[in-house]
Amino acid sequence: MTLDFILGHLNYWLFIILMMIGFYIVVARGNYIKKIVGLNIFQAAVFMFYISLSKVEGGTAPIFPIDMNIDPQVVYSNPLPHVLILTAIVVGIATTSLGLALIVRIREEYGTIEEDEILEIESKLQSDENSTEGASMGGRA
Amino acid sequence: MELFINLVLFFMLVATAIAILRMRHLFAVVMLSGVFSLLSALLFVALDAVDVAFTEAAVGAGISTVLLLGTMALTARNEKMPREFSIVPLLVVMATGAVLIYGTLDMPSFGSPTSPAQTHLAEKFLTQSPSEVGIPNVVSAILASYRGYDTLGETVVVFTACIGVLMLIGSFARRRRKNDGGAE
Numbered sequence: 001m002t003l004d005f006i007l008g009h010l011n012y013w014l015f016i017i018l019m020m021i022g023f024y025i026v027v028a029r030g031n032y033i034k035k036i037v038g039l040n041i042f043q044a045a046v047f048m049f050y051i052s053l054s055k056v057e058g059g060t061a062p063i064f065p066i067d068m069n070i071d072p073q074v075v076y077s078n079p080l081p082h083v084l085i086l087t088a089i090v091v092g093i094a095t096t097s098l099g100l101a102l103i104v105r106i107r108e109e110y111g112t113i114e115e116d117e118i119l120e121i122e123s124k125l126q127s128d129e130n131s132t133e134g135a136s137m138g139g140r141a
Numbered sequence: 001m002e003l004f005i006n007l008v009l010f011f012m013l014v015a016t017a018i019a020i021l022r023m024r025h026l027f028a029v030v031m032l033s034g035v036f037s038l039l040s041a042l043l044f045v046a047l048d049a050v051d052v053a054f055t056e057a058a059v060g061a062g063i064s065t066v067l068l069l070g071t072m073a074l075t076a077r078n079e080k081m082p083r084e085f086s087i088v089p090l091l092v093v094m095a096t097g098a099v100l101i102y103g104t105l106d107m108p109s110f111g112s113p114t115s116p117a118q119t120h121l122a123e124k125f126l127t128q129s130p131s132e133v134g135i136p137n138v139v140s141a142i143l144a145s146y147r148g149y150d151t152l153g154e155t156v157v158v159f160t161a162c163i164g165v166l167m168l169i170g171s172f173a174r175r176r177r178k179n180d181g182g183a184e
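If you read the protein sequences in the order shown, they are chains A and B.
Once you know that position 101 of the first sequence is 101 in my numbering, the rest is easy, because the numbers rise by one and skip nothing.
Once you know that position 29 of the second sequence is 29 in my numbering, the rest is easy, because the numbers rise by one and skip nothing.
Just to be clear, a hint being listed does not mean it is correct.
Calculated from the model, a selection of chain B residues having no Cβ within reach of chain A, i.e. all distances over 10 angstroms [claimed, not checked]:
1) L74
2) E132
3) S171
4) F172
5) R175
6) R176
7) N179
8) D180
Only some residues are given here: those of chain A computed to face chain B with a beta carbon under 8 angstroms [claimed, not checked]:
9) G8
10) L18
11) A44
12) H82
13) T96
14) S97
15) A101
16) I118
17) I121
18) K124
Partial pick of chain A residues on the chain B-facing surface, computed with a CB cut under 7 angstroms [said to hold, decoys possible]:
19) L14
20) I25
21) S52
22) K55
23) M68
24) P72
25) V74
It is worth saying that the hints were derived from the structure and are not from the lab.
Quantities reported herein were computed from a predicted structural model and do not represent experimental measurements.
Note that beta-carbon positions come from the ideal geometry of N, C-alpha and C, so glycine has one too.
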């Protein structure tokens, strides 16, 4: 564990810390909107991790001069992760919007967007169903 | 200097994320998620990914905030008082984080020009795209030309999500549910 090693890997560790904060929001909080925000944080941390892989020491953004006179001395960062993450951001917003639409439907159906209240309603419905079924079968079930 | 900028931005990101974790006012949570997106756009600029920064600022801080605000207006404004603190999620998160950090120990160090990610395709794209595609921005060249099918797939995903949202909360779904309710 030299100082070089720590400085070279510090970025990855920082992004993992950020990712785990997002993960904790998803797992520990009961409110569905907050879970979606936590998921977005998790996702943004993954994006940062990918982008940090494309960085080259002393490099610059992968855009050539407009007259295309490319100086071979200039170092450019790797453009491929940038492209992948551009796609991922747009796909991410698509899935987020689908999740938010589901939340609106859940609220219409249950009247709440808190996970524990929904579980309570669900178990109540389940036990009601069981007791009516049991009665219709002559109490044998 | 670069490391210093990264560290400052990172600590601002962590402060925002922890504030999101602790706030129970959903409006504040949504606004903080917009702040989070803008901060991550800044970090992308610092990491040379200007195109990604543009997209993150427009999509993450713009569209996603609007969608979250709309959902909030249709559902609830406050989070309920949290349940009593449970240690299990914290342990799960810690264990996952530890495994991930263990996984990074083998990785090439940050910014190394000899890492596998830099030595294969990147070289080809950077040297050949000026003659093959001929536009200054390599990211656009790859996005629209070399990886055009990826972008087509992305459009399909967005289209599918659009149909999904319309089926869940569109006017057609609403009308059908109303009819079902009348029949019962």
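Please confirm whether B:S171 is truly not at the interface, meaning its C-beta sits more than 10 angstroms away from all C-beta atoms of chain A.
-> The claim holds: B:S171 sits with its nearest Cβ about 13 angstroms from chain A, beyond 10 angstroms.
Agreement of hint A:L18 with chain B interface, Cβ distance less than 8 angstroms | holds (6 angstroms)
If you take the shortest Cβ to Cβ gap from A:A44 to chain B, is it below 8 angstroms?
-> holds (5 angstroms)
Per-residue hint verdict: A:K124, partner chain B, C-beta under 8 angstroms = violated (18 angstroms)
Answer holds if the nearest beta-carbon of chain B is closer than 8 angstroms to that of A:H82; otherwise answer violated.
-> At about 5 angstroms, which falls below the 8 angstroms cut-off, the nearest Cβ of chain B leaves the hint on A:H82 intact, so it holds.
Minimum Cβ separation between B:E132 and chain A greater than 10 angstroms?
-> holds (12 angstroms)
Restraint satisfaction for A:T96 [CB to CB of chain B, less than 8 angstroms] = holds (6 angstroms)
Does the claim that B:R175 lies off the interface hold, with its Cβ farther than 10 angstroms from every Cβ of chain A?
-> Per Cβ check, B:R175 is outside 10 angstroms of chain A; nearest 14 angstroms; holds.
Should the interface hint for A:V74 be scored as holding, given a Cβ-Cβ cut-off of 7 angstroms against chain B?
-> violated (10 angstroms)
Return the status of the interface hint for A:S52: holds when the least beta-carbon distance to chain B is below 7 angstroms, violated otherwise.
-> With a minimum Cβ separation of about 6 angstroms from chain B (threshold 7 angstroms), the hint on A:S52 holds.
Taking the closest Cβ pair, is A:K55 under 7 angstroms from chain B?
-> A:K55 check passes; min Cβ-Cβ to chain B is 5 angstroms, inside 7 angstroms.
Should the interface hint for A:M68 be scored as holding, given a Cβ-Cβ cut-off of 7 angstroms against chain B?
-> holds (6 angstroms)
In summary, the structure is inconsistent with hints 1, 16, 17, 18, 24, 25 from the numbered list given earlier, while agreeing with the others.
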